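Engineer: If you want the building blocks of each chain, they are given just below.
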Amino acid sequence: MTAPAPDGAGYDTVVGLEVHVQLTTHSKIFSGSSPAFGSQPNASIDPVCLGLPGTLPVLNRAAVEAAVRLGLAAGCRINRRSRFARKHYFYPDLPKGFQISQYEEPLCEGGVIPFRVRGDARSVRLVRIHLEEDAGKSLHVSAGAGPAGASHVDYNRAGVPLCEIVSEPDLRSADEAAELMRAIRTLVRALSVCDGNMEEGSLRCDANVSVRSRGVATLGTKTELKNLNSFKNVRDAVAYEARRQAARLDRGLRVAQETRLWDPARGVTAAMRSKEDAHDYRYFPEPDLPPLALDDTWIQAVRAALPELPEARFARYTTVLSLPAEDADVLTADSETAAYFDAALSSAPAASPKRIANWVINEVLPRVDHAGRLASDDVPVPAAALGELVALIDSGALSGKLGKDVFGRMWSDQRSAREVIASGVAVELSDVGAVEQVCRRVVASHPDEAARFRAGEQKLRGFFVGAVMKETGGKANPKVVSEILSRVLA
Amino acid sequence: MIDVAGAEIAELAGRVRRREIRARDVTEAFLDRVARFDGALGCYLRVDAGGARRRADAVDAAAAAGRDPGVLAGVPIALKDIFVTAGVETTCASRILRGFVPPYESTASARLAAAGAVMLGKLNMDEFAMGSSNENSARGPVRNPWALDCVPGGSSGGSAAAVAAGLCAGAAGTDTGGSIRQPAALCGVVGIKPTYGRVSRYGVVAFASSLDHPGPLGRTVDDTAALLEVMAGHDPRDATSIPAPAGGYRAAAAAGAHGLGGVTIGVPDEYFQPGLDAEVEAAVRAALDELARAGATLVPVSLPHTQYAVATYYLICTAEASSNLARYDGVRHGHRADGARTLDELYARTRGEGFGAEVKRRIMLGTYVLRAGYYEAYYGKALRVRRKVAEDFAAVFARCDALVTPTSPVPAFRLGERTADPLQMYMADVLTVAPALAGVPALSQGCGFTRAGLPVGLQIIGRPLDEQTVFRVAGAYQARTDWHTRRPPLTAVPATPQGQP
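Line by line, the protein sequences are chains X and V. Going by the numbering used here, the first residue of the first sequence is number 1, and it counts up by one from there. Going by the numbering used here, the first residue of the second sequence is number 1, and it counts up by one from there.
Note that these hints are calculated values from the structure, not bench results. Do not take every clue at face value.
Below 30 Å or equal to it, Euclidean Cα-Cα: the simulated DSSO-like pairs (lysine-lysine) are [to be verified]:
| # | chain 1 | residue 1 | chain 2 | residue 2 |
| --- | --- | --- | --- | --- |
| 1 | X | Lys459 | X | Lys404 |
| 2 | X | Lys87 | X | Lys137 |
| 3 | X | Lys222 | X | Lys354 |
| 4 | V | Lys360 | X | Lys87 |
| 5 | V | Lys388 | X | Lys87 |
| 6 | V | Lys381 | X | Lys87 |
Not the full set, but computed from the structure, chain X residues with beta-carbon under 10 Å of chain V [as the list claims (entries may be wrong)]:
| # | residue |
| --- | --- |
| 7 | Phe90 |
| 8 | Asp280 |
| 9 | Trp298 |
Remember, predicted model here, so these are calculated numbers, not experimental data. Using N, Cα and C, we set each Cβ at its ideal position, and we do this for glycine too.
Start from the sequences and build out the full structure, keeping to the hints where you can.
Structural biologist: Take a look at the structure:
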């Protein structure tokens, strides 16, 4: 359910996000097994990620590099020395009884992430970005399905590298929270540090939400929302929670500081645990890992290898290319789409950027992915081939409508526009004399229908047009056929 | 047939490599001694006779095929049950790890095996290495071969007693606050805690990560040096392992036989305080005189923060232990309580049943130390004092090459004598914890016996990464004395059948 933030009720909403980004590395953060998904339960494990007695963590350099890429892209201060810490709690999917995270001295501090809400530029300041390991997954079998409701634990996810992005409470609405998440997804994909899949949990967030009377500077009591695994859930949960808190304050009640779980089916948040029984995590520096020291040369090399960031790209599309913001939004939502668009544009420098954008948005994207994401392997029409097609249309050699048919053939047969046209499949029959001959033959062979049409039965026009199109194998231009028929049947 | 139980490691390995004796025969001789004598001592938690025979046969086969079977070819060793051994149950003498058969091998034991050493079995210890008397074992205590009513020290009590009794040619132990050196002293053998990071901790079950030092115990300085040369070295699987060249320990020990000219030895006043047993002090003072006669220059030095070392040590080690032992929850391995209805009950009962009293005490202390709001008052302050202790050593090592002290303030005490008072037991570590906090190498070797016939230990402390000088001093002392040639009298009591810890 979507509800407006309680703007009219005299309250401001204040939101901060804690975003977990699963880093796409070849091995886990502290051990050698693969972090890949989709394998059988407990197939991607090793003694270290299981925390077996005597095993020790060794930091994966690729995870550090991914985190530093993210930190640099978000304008963070990269600490030349950072530390890992142990965060303790007992749960079966946490193999060691503690999570290796960062507490004091995180890898990245400060920074800003820009985003847009319906075209308006916003930004959020970051507190920090730190590295940590993921836990496994508990699977609870309900009573009856197993022996007295058994629980199973899958440790494939244990030790998968995570970046936690902690924002300042700079967000002022549910929309801002959802759009920030969207911007973070675009950013982590552009950086190739995370696949950004929220449903599978490779990108997830908790939201800290509070409300305060409009004009008041101090923050209200916050609640922490969990289970926000889509942009819609982020928006709906924050909106609901802000309304719930405002309603309590209106009735003179306090907001309890607690962790609440979003229930998307019922559209409500419900208390999980209160501050009173919050964990004491007993943080202390991880003695098995020396402090992480980074040198400037290495950080500069990582910075130099950063790709064009989504916000810079958006600016280029809307200013240099004069694309509408909505188009630029779609094209920059993931870097592969943008790269495809850029490649098509550079292969057809004379074509209009807007026309190429239309083709990518209306023809290419709907044919690929499912999650709104373009993976180049999925696209049978190379960007340069699309550029060529658009150039042909721009030159007037091909009508826009026929161009779509040609594109369909290019897609299904994996051939270029010229190859499709040369094969004759969709060549337009533009010889008016030849079309007229066919029209006369068709009219002559249907004297009854011709007589009825001349007597005023106008709906028979369709019958004659269809017959001519059939005769020409669909190559005639229906508009031309209709004009000729008008003359022949007059 | 040579007296294999009396031979030094280099001699044994040399003969096996030259095919003068078979590794299999050496192994059988030691297995026979274990079977005859360990019943009175309780050193072994697990004898892996079948595995030992296979390993010995492989060494003989390699030698017969002309391949080098390694510098420790056919040398029968045993491991404190804190070293993880692939396919061989590893319990840390705790009920909570009962039945845990690891699928991987510790780096230290893998290096020993690769050098041709033949692992005979797993040795008794204080549970999770927490203790100074080996009385905290779920399997029961180890007895001191020199006096069966006395403790062997701990926590590597099984290692020290087995080496003293000739039930293995050498052993691996771990030292967190003195757990190699103190039992070595109480059993009259040699043991070294090398520099922190010198020997990999991978596959060594963690007690206190920043203090755990694996190391060897041997009957002689040369035996201990030979074992350390194999165990030491950088390991990419331990991020705290030091990537520095290791070795040269046997040569350094041999050089000591030619005297200690140019070597300055510091004698820290703080290690000769009231509470030091008079006979121990007399033996250590005599040893210092001997080192002076060997050519060393003795200078009095001060390590002013020594008095804070025990308190600091127990804050740090309990904090880290409470964290390291959180993984024993009954979910993945080892003991699991039956019939628990809730997750909390599963944890409480599994851990309540699985851990012994001393382990529980330290987990509770460490949990308290790390509580939110108390971190600075306890753990944070302990880390700062630890730095002061390390600075003490750095300061004296600016003008000394080594320090020499007693290892334990007292000789072996009677079984049960200190179990009622944990604090009194903790004071057994008073002379060994400071080098552990500083991470500097420290060795213990025998320097005499009390009138009651109990061994006295001499502690030699060196600069970080300078095990060579420590061995040089130890080699010099051993060359001028014959304490290391004495053997405890053994009583033939067959080993009890292999049981559970």
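Engineer: All the hints need checking, so say for each whether the structure fits it.
Structural biologist: Going through the hints against the structure:
no.: 1; hint: Lys459(X) x Lys404(X); in the structure: 28 Å, holds
no.: 2; hint: Lys87(X) x Lys137(X); in the structure: 18 Å, holds
no.: 3; hint: Lys222(X) x Lys354(X); in the structure: 45 Å, violated
no.: 4; hint: Lys360(V) x Lys87(X); in the structure: 20 Å, holds
no.: 5; hint: Lys388(V) x Lys87(X); in the structure: 27 Å, holds
no.: 6; hint: Lys381(V) x Lys87(X); in the structure: 20 Å, holds
no.: 7; hint: Phe90; in the structure: 6 Å, holds
no.: 8; hint: Asp280; in the structure: 5 Å, holds
no.: 9; hint: Trp298; in the structure: 18 Å, violated
Violated hints, in rising order: 3, 9; the structure is consistent with all others.
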